[in-house]
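**Student:** Model the full structure from these sequences, guided by the hints.
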Amino acid sequence: MIKFKGVKKVYPGGIVALHDVDLEIKKGEFVFVLGHSGAGKSTFLKLILHEETATEGVVTVNGYNLSKIKQKDIPYMRRGLGVVFQDFRLIPTMTAYENVAFAMRVTNIPEREIKKRVPYVLNLVGLAHKAKSFPPELSGGEQQRVALARALVHSPPIIIADEPTGNIDPELSVEIMELLKAINSVGTTVVVVTHEHDLAQRFNKRMINIENGTVVADSNAGAEVNGYDI
Amino acid sequence: MIKFKGVKKVYPGGIVALHDVDLEIKKGEFVFVLGHSGAGKSTFLKLILHEETATEGVVTVNGYNLSKIKQKDIPYMRRGLGVVFQDFRLIPTMTAYENVAFAMRVTNIPEREIKKRVPYVLNLVGLAHKAKSFPPELSGGEQQRVALARALVHSPPIIIADEPTGNIDPELSVEIMELLKAINSVGTTVVVVTHEHDLAQRFNKRMINIENGTVVADSNAGAEVNGYDI
Amino acid sequence: MTFSSFRYLCKQGFKNMVGNRLMSVASIGVLTACIAIIGVASLLSLNVNSFVTFLGGKSEIVVYVKDIETDIAWQDMTEEERTGVDTRLAERVMAVENGINATPNINTVKYVSKQDALNEQMEQMGDYSYLLEDFAAQRDIYPASFRVTVKDLELIGQTAEDLTAIDGVDFCVTSQSLSNVLLNLRLGVNVASIGLVAVLVLVSLVVIANTIRLTVFARRKEINIMKFVGATNAFIRLPFLVEGMLVGLISAVLAFGIISGGYVALLNYLTSEGANVMGVLSFQLVAYNKIWYMLLGGFVLSGVVVGGLGSATSIRKHLKV
Amino acid sequence: MTFSSFRYLCKQGFKNMVGNRLMSVASIGVLTACIAIIGVASLLSLNVNSFVTFLGGKSEIVVYVKDIETDIAWQDMTEEERTGVDTRLAERVMAVENGINATPNINTVKYVSKQDALNEQMEQMGDYSYLLEDFAAQRDIYPASFRVTVKDLELIGQTAEDLTAIDGVDFCVTSQSLSNVLLNLRLGVNVASIGLVAVLVLVSLVVIANTIRLTVFARRKEINIMKFVGATNAFIRLPFLVEGMLVGLISAVLAFGIISGGYVALLNYLTSEGANVMGVLSFQLVAYNKIWYMLLGGFVLSGVVVGGLGSATSIRKHLKV
Ligand SMILES: Nc1ncnc2c1ncn2[C@@H]1O[C@H](COP(=O)(O)OP(=O)(O)OP(=O)(O)O)[C@@H](O)[C@H]1O
Ligand SMILES: Nc1ncnc2c1ncn2[C@@H]1O[C@H](COP(=O)(O)OP(=O)(O)OP(=O)(O)O)[C@@H](O)[C@H]1O
Ligand SMILES: [Mg+2]
Ligand SMILES: [Mg+2]
Chain A
1 MIKFKGVKKV YPGGIVALHD VDLEIKKGEF VFVLGHSGAG KSTFLKLILH
51 EETATEGVVT VNGYNLSKIK QKDIPYMRRG LGVVFQDFRL IPTMTAYENV
101 AFAMRVTNIP EREIKKRVPY VLNLVGLAHK AKSFPPELSG GEQQRVALAR
151 ALVHSPPIII ADEPTGNIDP ELSVEIMELL KAINSVGTTV VVVTHEHDLA
201 QRFNKRMINI ENGTVVADSN AGAEVNGYDI
Chain B
231 MIKFKGVKKV YPGGIVALHD VDLEIKKGEF VFVLGHSGAG KSTFLKLILH
281 EETATEGVVT VNGYNLSKIK QKDIPYMRRG LGVVFQDFRL IPTMTAYENV
331 AFAMRVTNIP EREIKKRVPY VLNLVGLAHK AKSFPPELSG GEQQRVALAR
381 ALVHSPPIII ADEPTGNIDP ELSVEIMELL KAINSVGTTV VVVTHEHDLA
431 QRFNKRMINI ENGTVVADSN AGAEVNGYDI
Chain C
461 MTFSSFRYLC KQGFKNMVGN RLMSVASIGV LTACIAIIGV ASLLSLNVNS
511 FVTFLGGKSE IVVYVKDIET DIAWQDMTEE ERTGVDTRLA ERVMAVENGI
561 NATPNINTVK YVSKQDALNE QMEQMGDYSY LLEDFAAQRD IYPASFRVTV
611 KDLELIGQTA EDLTAIDGVD FCVTSQSLSN VLLNLRLGVN VASIGLVAVL
661 VLVSLVVIAN TIRLTVFARR KEINIMKFVG ATNAFIRLPF LVEGMLVGLI
711 SAVLAFGIIS GGYVALLNYL TSEGANVMGV LSFQLVAYNK IWYMLLGGFV
761 LSGVVVGGLG SATSIRKHLK V
Chain D
782 MTFSSFRYLC KQGFKNMVGN RLMSVASIGV LTACIAIIGV ASLLSLNVNS
832 FVTFLGGKSE IVVYVKDIET DIAWQDMTEE ERTGVDTRLA ERVMAVENGI
882 NATPNINTVK YVSKQDALNE QMEQMGDYSY LLEDFAAQRD IYPASFRVTV
932 KDLELIGQTA EDLTAIDGVD FCVTSQSLSN VLLNLRLGVN VASIGLVAVL
982 VLVSLVVIAN TIRLTVFARR KEINIMKFVG ATNAFIRLPF LVEGMLVGLI
1032 SAVLAFGIIS GGYVALLNYL TSEGANVMGV LSFQLVAYNK IWYMLLGGFV
1082 LSGVVVGGLG SATSIRKHLK V
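Listed in order, the protein sequences are those of chains A, B, C and D. Mapped onto the working numbering, the consecutive letters of the first sequence carry residue numbers 1 to 230. Mapped onto the working numbering, the consecutive letters of the second sequence carry residue numbers 231 to 460. Mapped onto the working numbering, the consecutive letters of the third sequence carry residue numbers 461 to 781. Mapped onto the working numbering, the consecutive letters of the fourth sequence carry residue numbers 782 to 1102.
Simulated from the structure, these hints should not be mistaken for lab results. For every residue, glycine included, the Cβ atom is placed at its ideal position computed from N, Cα and C. Heads up, some of the hints might be wrong.
Stated by the list, open to error - Computed footprint of chain A on chain C; a stretch qualifies when at least three of its residues, placed anywhere within it, have a C-beta under 8 angstroms from a C-beta of chain A:
1. 483–490
2. 573–581
3. 686–696
Unchecked claim - No farther apart than 25 angstroms at their CA atoms in a straight line, the calculated lysine-lysine pairs in the PhoX-like style are these:
4. C/475 with C/611
5. A/72 with A/3
6. D/792 with B/346
7. B/411 with B/435
8. A/72 with C/777
9. A/132 with A/3
10. A/68 with C/777
11. D/1002 with C/777
12. A/72 with C/780
13. B/233 with B/302
14. C/574 with A/132
15. D/796 with B/300
16. C/750 with C/777
17. D/1101 with B/276
18. B/362 with D/796
19. B/276 with B/435
20. C/681 with D/1098
21. B/276 with A/132
22. B/298 with D/796
**Tutor:** Dropping the structure here:
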């Protein structure tokens, strides 16, 4: 589903955020991406999302070669992804409900279905009572959960989450991880970026460890990961 | 330094974010504020900062009664605080250096001193090499550390941090907590909101536990806190 | 795009306008002002043109008919001889009249007999008209003439030449009734007015384009987020299009109200002081009921097109993510 | 505020302008357009006023001097008697001239003798002037007169009354040289021009206010953050003030360039086609070198004041945190 081949990303100003990245994430996998602050984790996700383009190498997502993708195909490629952004990216002028519903609307799903699905997903993340609030009226953790609901709502084949529990207490974090695991168990590919190494380890899944812009370890279930002493 | 007396905060729309809050934080204390997502932690800080005003009761900060504070005194009250916001609040059109320097400039500190102090503080949070980057060019954790540097730079008597390690890996989180502890040890009052209960417990400091808008536990060093099972 | 999502997007455009109150008020204000300016400019130019047409109607060519040449003076003629001369002159006048009617660009034709001409001159001399009294008995002092008005003032020179070429015409004099000063003034006013209209339209376009760019700029983040959720450009653009069109429509109606009110007030003012301002000119501003539908139509059309296309196109650059 | 932080804030204002390129370009565009509009409007009104003054200079009062009443006709007088009449007339003319010079609102005075008057009339009659030849020998056909121009056209009626009251004056006739049509036209044009200036200034103010509001709106977050870091209102406002003033200054200079270019081009055009447009009128637009410093000064002043105060005041509402 997601394939990186000899990928290098240099930001304007010469900052090498990623280099020599070769990896493949297969359909139905559950992958944790770990690494220090500034290691290149978000850049890794931005490449998948075509928010940034690779300076070298090829990124393939859901069959789209992102180096060659046509402008008009980009929205359709993105609809195959459900993304929780590190900075949430909620539309401040829409309610929580509308923010979530929006991800369904863009794919022309009928209103009837939206009306059933959105409350259900908001309930999953524990925000049924905040449906009518606007993002600036929500707490940090609540905003993050709206972002998560938006990523899940249209049942995309791939879910990508950048620190989805950064603003949420450990109890709730575990619940949310269990939710992602459940979604994964019905065939959805899940990629979670987190710095909560403990949490990742509890789930016994594949871990990709990025350091200084390159993959230093790619281990399956429970394998030892370097660089952490906690 | 900080005193809440019978404080209640009701947001427009009738949401009671805080109620019956009575507490006092003394000079030189190090306090953790814990609680679930949406419990009212950020609201607690917003009241201290006079971003929101209490619906009932009195909040006193550094001798200012915030219910009666004059418009022109607000900036001077705020200069006594160093705040790390949950959403960072960096000025996107200023470099990291300028964002940090700005907190010194508002107090008319001479340029000579700014030029010495800002690089020093950026170095403390491990961002000396990113001084010239603009916030959108920084990773989540880097932005959070710029916000921390800005809170520290003018050596305020009170430092308030809303989830200062939410986007930072555990290793670095500990380092930053140690930094705050060192600052506290020379007499600065420190209030840290966090959901990382583990981290808080390691430091063996006073913990204020907020649930559903009210203080359910206020314990000193290592006391048992309800509601967490991790 | 399905119909239900089309409806949703239109509703969204409406909601956006209501929601972004500050921005809507600001851009409606600017757009109203600009449309009003263009309106003022068009009314100005409309009235100047009507004034030019009015001048055209007033500007005469005087076509003098050659007198019948005789060896004897009128005083010394016999009654019979006089009748003969009169008959020949009458024939010549008729021939000239036919010639005039066959000439292009002729609007009205008015005959002024020799006696009429004398009377006119005496009137003009006022207190000193007694000087001419002695000549009243004579006949050849003033020739008979036709006062001709033209349809197109621009062609008056050519028409005068055509008329001079008619058999029996002595010579032609143009612009007798209105001073040359006035005739030339209208050219100056017209040039200035067209220049003003052009400048104002240009200025309005700059202002509108920049305002819309600012409005879209203030919402670039929103647009950006929508792209990352997988919205197509058309999907993002439609609400902006609807919003822009609504803003344009409201602005057009407001501008129409302002301009109509102002114009009617001006008309009333001019009528009340009519004797002073327009009375002597005997020129009327274009009547309100002749133009209001053109104004409204033009305003609405330009408002909706500028507002809609303006916002839809200026988001283009933010769509490239 | 210390001097070093003042310097820093000014520099910041400059940096902001350069940094927020889109917003700066947009607001400079709008401001330039508005100042240019006001400039066009002022030039229009300036020239209309100069035109009115010009009309004032052309509008004459003809003061007719009463003839000396005699029982005998001029033809029948002896040489001695004629000299006597001439002498008395010369005395009366001098007395009237003194009276005119003592009257307020008089600009120029020109004496037209009886012979001058006759010559003029003969010239006017052109082909038919022979009619008057017989009278040339007579003396009393036309009276002597003074052609008086006034300073303030508005007061011409009062001045005519004053002049009529002078001993030895027969009667006064106003506006001989320019048709009444023209005299009334200038009132209409002046009313319209003042109206237009007022509308344009109003429109510009609306546009500028809204644009600045939009610009500040797009940066409300920045302002908000500064407040939470403990910046005083003055500290936040100063860079906006500087930025606004710079934007105003640049816009003023741009508008000055555009308007100057346009005006000089218009002057050149009118001179090249001078014979047609302005030649007959013998009216000149106000010369460029008489106004450029007023334009530049006015533009810069209004640009800087509007830009600076505009942004400084419209952030006020965002400062209330
Ligand atoms: N737009 C940009 N321009 C320049 N440099 C950038 C840009 N975005 C990111 N960087 C730099 O690239 C490096 C990797 O950034 P990235 O956001 O991928 O880190 P990360 O692993 O997500 O960190 P964190 O855990 O703190 O979010 C960082 O050093 C960052 O400063
Ligand atoms: N401006 C607002 N208007 C209305 N309700 C608000 C507003 N701000 C916060 N709330 C509500 O008040 C409650 C407390 O919010 P607060 O931000 O204090 O939570 P928190 O403890 O900081 O949570 P988190 O850990 O998720 O950041 C939440 O239910 C939130 O939805
Ligand atoms: Mg990141
Ligand atoms: Mg919070």
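**Student:** Are the hints correct? Go through all of them and say.
**Tutor:** Going down the list of hints, with the structure as the test:
no.	hint	in the structure
1	483–490	violated (count 0)
2	573–581	violated (count 0)
3	686–696	holds (count 9)
4	C/475 with C/611	violated, 55 angstroms
5	A/72 with A/3	holds, 21 angstroms
6	D/792 with B/346	holds, 21 angstroms
7	B/411 with B/435	holds, 10 angstroms
8	A/72 with C/777	holds, 15 angstroms
9	A/132 with A/3	violated, 39 angstroms
10	A/68 with C/777	holds, 20 angstroms
11	D/1002 with C/777	holds, 23 angstroms
12	A/72 with C/780	holds, 10 angstroms
13	B/233 with B/302	holds, 21 angstroms
14	C/574 with A/132	violated, 93 angstroms
15	D/796 with B/300	violated, 32 angstroms
16	C/750 with C/777	violated, 43 angstroms
17	D/1101 with B/276	holds, 15 angstroms
18	B/362 with D/796	holds, 15 angstroms
19	B/276 with B/435	holds, 22 angstroms
20	C/681 with D/1098	holds, 23 angstroms
21	B/276 with A/132	holds, 22 angstroms
22	B/298 with D/796	violated, 37 angstroms
Of the hints listed earlier, those the structure fails to meet are numbers 1, 2, 4, 9, 14, 15, 16 and 22, in rising order.
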